[in-house]
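Novice: If you read the protein sequences in the order shown, they are chains E and G. Quick note, the first sequence lines up with residues 1 to 210 if you use my numbering. Quick note, the second sequence lines up with residues 1 to 90 if you use my numbering.
Because the hints were derived from the structure by calculation, they are not lab data. Remember, predicted model here, so these are calculated numbers, not experimental data. Hints may contain errors.
Unchecked claim - The list that follows gives simulated cross-link-like pairs (lysine-lysine, BS3-like), each with its CA atoms no further than 25 Å apart: (1) Lys79/G x Lys209/E; (2) Lys58/G x Lys6/G; (3) Lys25/G x Lys35/E; (4) Lys6/G x Lys39/G; (5) Lys114/E x Lys6/G; (6) Lys35/E x Lys79/G; (7) Lys62/G x Lys206/E.
Unchecked claim - Coverage of chain E stretches by chain G, computed from C-beta distances (three or more under 8 Å per stretch; other residues unrestricted): (8) 39-47; (9) 146-153.
Stated by the list, open to error - Which bits of chain G does chain E cover? Going by a derived footprint, with three or more residues having C-beta under 8 Å, they are: (10) 4-12; (11) 57-69; (12) 80-89.
Note that CB positions come from ideal geometry on N, CA and C, so glycine has one too.
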Amino acid sequence: MHLTTGAIFSFNFIINILVSFMALTVAYYSYRAHKIAGTYDFGYFSLGFLSLSTSFLINAFSMIVWAMNAAHIPGTLTECTYFASTLLFRFFMMLGLVLILFATKNLFHNFKGKLTIYLFMLVIILSLSSNILFYITSVALLLVIAEHYFVRTLQKKNNMSLYLFIAMILLLLGIIRFFFIIPYFCMIQPTLFFLSFLIVGMVVIKAYKH
Amino acid sequence: MVRRSKSDIIWDMLVAIQLAGGSIKPTRLLYKSNLSYNKMKEYLAELDENNLVNIQTKDERKHISITDKGHFYVSELRKARNFARTVGLR
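One chain only, chain E, in its complex shape (with noise of 0.2 Å):
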C-alpha cells in the first residue's frame, strides 16, 4: 500500500492532537487531586502532564508547518518556525518527564532532590542542543519511570502499576523509533504515543473515579 506525505503527516497531525488532549485530562485530574489534597506532587504531575500535553500540540503544529513545501527551504520564515517548534517540542517533552520522575519518586522533598533538579535543568539544557542527546535523555528518564511503576507492581501486586509501567513502556518504544528512521514506519511512533497515553487517561480516570 502507497501512502502519500500528505495522508502520513494527516495521520500525525490527528494523533498529536488526540494524544495533547488525553495528556490534557490526566493534568486536570491530576490538579483537581492537588487542590482537594494541597499535596505538591499531584502539582507538579499535573503540571508535568500539561508540559507533555503543550509539546504534543507543538508536535501538531510542525506537522503543518513542515507539511507546507516552504519548510524545507533554508532562511524562510516556514522553515525557522519548524525549526523553533521542533526546539519547544523537545523543551516541553523534557521537562514533563523530568516533573513525572520527580513526582513519582518524591525528589522534590528533600535537599538532595534540590541538587537534582540542578542537574535535570542541565540535562534539560543539553537536550535542547543536540537531537541525539535529547533522545537518550528521553530514553534514561522514561527507563527510570518505567522501573519506579515495575518495582510497584512487584510489591504492590496491583494492575493498575502494571498498566501504566506498560504505558511508559511504549511511549519508550515510540522515543527508541527514532533511532532507526525507516520511511514506512512514520505511523508507528505517534500510534505508540497514542496507545500509552491512551492507557495512563483510562488508568487515572478509572481511578480517580472509583
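With chain E fixed as given, assemble chain G onto it according to the hints.
Specialist: Same frame as chain E, but now just chain G:
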C-alpha cells in the same frame, strides 16, 4: 516512619469522626488521630473555620460532629488518595 502530611492528618481526623458515627468526644479524637493536644486544637479550629466539623458543648462536654461539607470533603479526599496510590505518588 513516614511523616504524615497535613491532608493525611485531616483525613485521619475526619475518618475517625465518621467511624464514630458522625460525632466524637475530643479525648477519643485525640487518641484516634494520634496528635498532641495543641496540634489537635489547631487542626480542629481550621476544620471548624472551613465548616467541615461542628464543635458543640452539651452538659459542659464538648462534642465534635462532622458536617455535610465534611462528608463531601472526605469522599473527595478518598478519590485523591486513591488516585495518588494508583499513579504511584505515595
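Novice: Each hint needs a verdict: does it hold in this structure or not?
Specialist: Here is what the structure says about each hint:
This hinted pair checks out: Lys79/G and Lys209/E have alpha carbons roughly 7 Å apart, not beyond 25 Å. Distance hint between Lys58/G and Lys6/G is unfulfilled; the C-alpha atoms sit about 29 Å from each other, more than 25 Å. For the proposed pair Lys25/G and Lys35/E, the alpha carbon gap of about 30 Å is over 25 Å, so the pair is violated. About 11 Å separates the Cα atoms of Lys6/G and Lys39/G, which keeps this hinted pair within 25 Å; it holds.
For the given pair, Lys114/E sits about 22 Å from Lys6/G by alpha-carbon distance, which is consistent with the 25 Å threshold. For a cut-off of 25 Å, the pair hint linking Lys35/E to Lys79/G stands: about 12 Å separates their Cα positions. Of the pairs offered as hints, the one joining Lys62/G and Lys206/E is violated, with about 41 Å between alpha carbons and a cut-off of 25 Å exceeded. Using a Cβ-Cβ cut-off of 8 Å, 4 residues of the stretch 39-47 of chain E lie near chain G, which meets the minimum of three, so the contact claim holds.
Judged by the Cβ-Cβ criterion of 8 Å, the stretch 146-153 of chain E is covered by chain G as claimed, because 3 of its residues qualify and three suffice. Note: the stretch 4-12 of chain G has 3 residues with beta-carbon separation from chain E under 8 Å; the three-residue rule is met and the coverage holds. With 0 residues carrying a beta carbon less than 8 Å from a beta carbon of chain E, the stretch 57-69 of chain G misses the three-residue requirement, and the given coverage is violated. Coverage of the stretch 80-89 of chain G by chain E holds in this model, with 10 residues showing a Cβ closer than 8 Å to a Cβ of that chain against a need of three.
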